[in-house]
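Peer 1: Residues per chain, in single letters:
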Amino acid sequence: MSHRPPAWVLAIVAAVYVFLHAPLLVLVVFSFNESKYSVEWTGFTLHWYQRLLERHDIVDGLVRSVAVGLSSTALSTVFGTLMALALARHRFRGRSFVEALLYVPIVTPEIVVGISLLILYVLLGWPLGLTSITIAHVAFNISFVTVVVHARLQGMDGSLEEAAMILGADEITAFWRVTVPQLWPGILSGAMLAFTMSFDDYVITSFVSGTGSQTLPIVVYTMVRKNIEPSINAISTIVLVVTTVMLIVSDRLSRDKPLSAD
Amino acid sequence: MSGGPSVRQRVLGWFHERPTATAWALLAPGGLFLLVFFVAPLVIMFGYSFMERGLYGGVEAGFTLEHYAAFFQPLYLTILLRTVVMAVSTTLICLALGYPVAYTIARAGRFKNALLFLVILPFWTSFLVRTFAMIFLMRDSGLINSLLVKAGLVEEGITMLYTPFAVMAGLVYGFLPFMILPIYSSLEKLDLTLLEAAEILGAPPRARFFRVVLPLSMPGVVAGSLLVFIPALGSFLSSDLLGGAKQILVGNLIQNQFTSARNWPFGSAASFVMMVLVVIAVGIYLRVRDADEAREA
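Taken in sequence, the protein lines are chains L and F.
Be aware that the first sequence starts at 8, since it is given in this note's numbering, and climbs by one per residue.
Be aware that the second sequence starts at 21, since it is given in this note's numbering, and climbs by one per residue.
Source of the hints: derived by calculation from the structure; they are not laboratory data.
Where hints are given, some of them may not hold.
Cut-off 16 Å, straight-line C-alpha distance, at most; resulting in silico cross-link-like pairs (EDC-like, lysine to aspartate or glutamate) [to be verified]:
no., chain 1, residue 1, chain 2, residue 2
1, L, LYS43, L, ASP258
2, L, LYS233, L, ASP64
3, F, LYS209, F, GLU86
4, F, LYS132, F, GLU72
5, F, LYS170, L, GLU47
6, F, LYS132, L, GLU47
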């Protein structure tokens, strides 16, 4: 390409990449440092990871986060995929209303989502616990799944489904045999985004979780508030590794291009 | 079963003749869920902002504008103003840092995917973990200070944590990918022959950028600004953990009303004011986007 960016632009770019990644790298490196208080490197240890296993609040928090993450992901993926199918494959009245409805969760600040749901639960007299957290996570994830799956559907060729139906398949058979196999990568990457957002959420969860239902981010927040110790680096490293693996898988899936009738 | 069409065929036939019903059947589960657990709570919250404060949290029936009146007192207006200034400056800094990155990725050739991946990674990473990374670097006994002292640049550590600078750094660090990604996607679509045309017609690099590239990437700039401005406006984790109690923002104010202060109607009123600002920002975004689409058509 002839238009190479000037050197000062490249300098800013390099600085931004350092800014984005150096803090996390430092965090990971110091999760293996022996010293508890100092930022001097005193030697390699896995002690802080062992400590995590001894702490029941962390292990319980992790189990709860995975449970909430899996159930909210399952629900929001089904809801979001169905909505994306309607938007991409059907003409109907009220489309702009549905599109507006899907934009609301994307633009509403998290804190407003959290308190308005808290108000609803208290008004209905619902107990705060894993169910109330799961419902909250489904509510903010549906739109994101819909957007991801919809993007995949737009890149897909609708004429393959038509061809299947001309050849005698009915709508349901065409859906399972033609649409789903091609749409699968989109559904999976939507699901992974949903799981990651659920697994990471602190703000909304902090309002709708009761005592005895602290998810991992809530436990980590409490630890950060109390005092800074290398165990937080260790748990952060684990969260980072999980996220990175999810992202790599999702990235691979989205590169696998849908078939075309041509 | 013999003779007439099966149940399955009849059901499918019914839907086949009614495309709108088919679409609404697909939309119903998710749509109803969103109406009940997203829209209804916002409407109820709006209603709460006009009610009387309950003694132990919650509300009592009645209608009053006192919570809005209270919010527009100097004390809270200062917090609102600080929040808006913080959100706008975060957006501008992200734009200044993010645009060059998006521009470079868009013309990085075979490094494009790798560079893009390195922007998406922090975008997926827990905001809490990234905020903790900032604390780890910036606290008094943190890595930055220990390096500065060792290099002999300062006598003892400088205070970074619990300052407006720390909050700002946390917000920029948290939201920068939201700015880079939309700008990148509008720059990627840019028709390079337009740039060649401008060059052949004698436009210097500066003019090519300001007259061709920048206007064509405006949709990305506006979308990115919206995606940074909204969470920055509502943020409370950064000010809470990086700003200490000193730099409270509207987000902290709202959180406080629903935890220790137990003034739900006032917290609802403050949330509603925040939503009005969000709607204004979305309105600006839609106007720019529509104007741009009209120009393309």
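Peer 1: Can you confirm whether the C-alpha distance between LYS233/L and ASP64/L stays at or below 16 Å?
Peer 2: Satisfied, since the Cα-Cα distance of roughly 14 Å is no more than 16 Å.
Peer 1: Quickly compare the C-alpha distance for LYS170/F and GLU47/L to 16 Å and report which way the hint goes.
Peer 2: Distance ~11 Å between LYS170/F and GLU47/L Cα, so the pair holds.
Peer 1: Holds or violated: LYS132/F and GLU72/F, Cα atoms, limit 16 Å.
Peer 2: Given pair LYS132/F, GLU72/F is violated - Cα atoms ~56 Å apart, limit 16 Å.
Peer 1: Could you grab the alpha-carbon distance between LYS209/F and GLU86/F and see if it respects the 16 Å cut-off?
Peer 2: violated, 51 Å
Peer 1: Is LYS43/L close enough to ASP258/L, meaning Cα to Cα at most 16 Å?
Peer 2: violated, 37 Å
Peer 1: CA of LYS132/F to CA of GLU47/L, is that 16 Å or under?
Peer 2: Violated, at roughly 37 Å.
When the structure is compared with the earlier hints, violations turn up for hints 1, 3, 4 and 6 and for no others.
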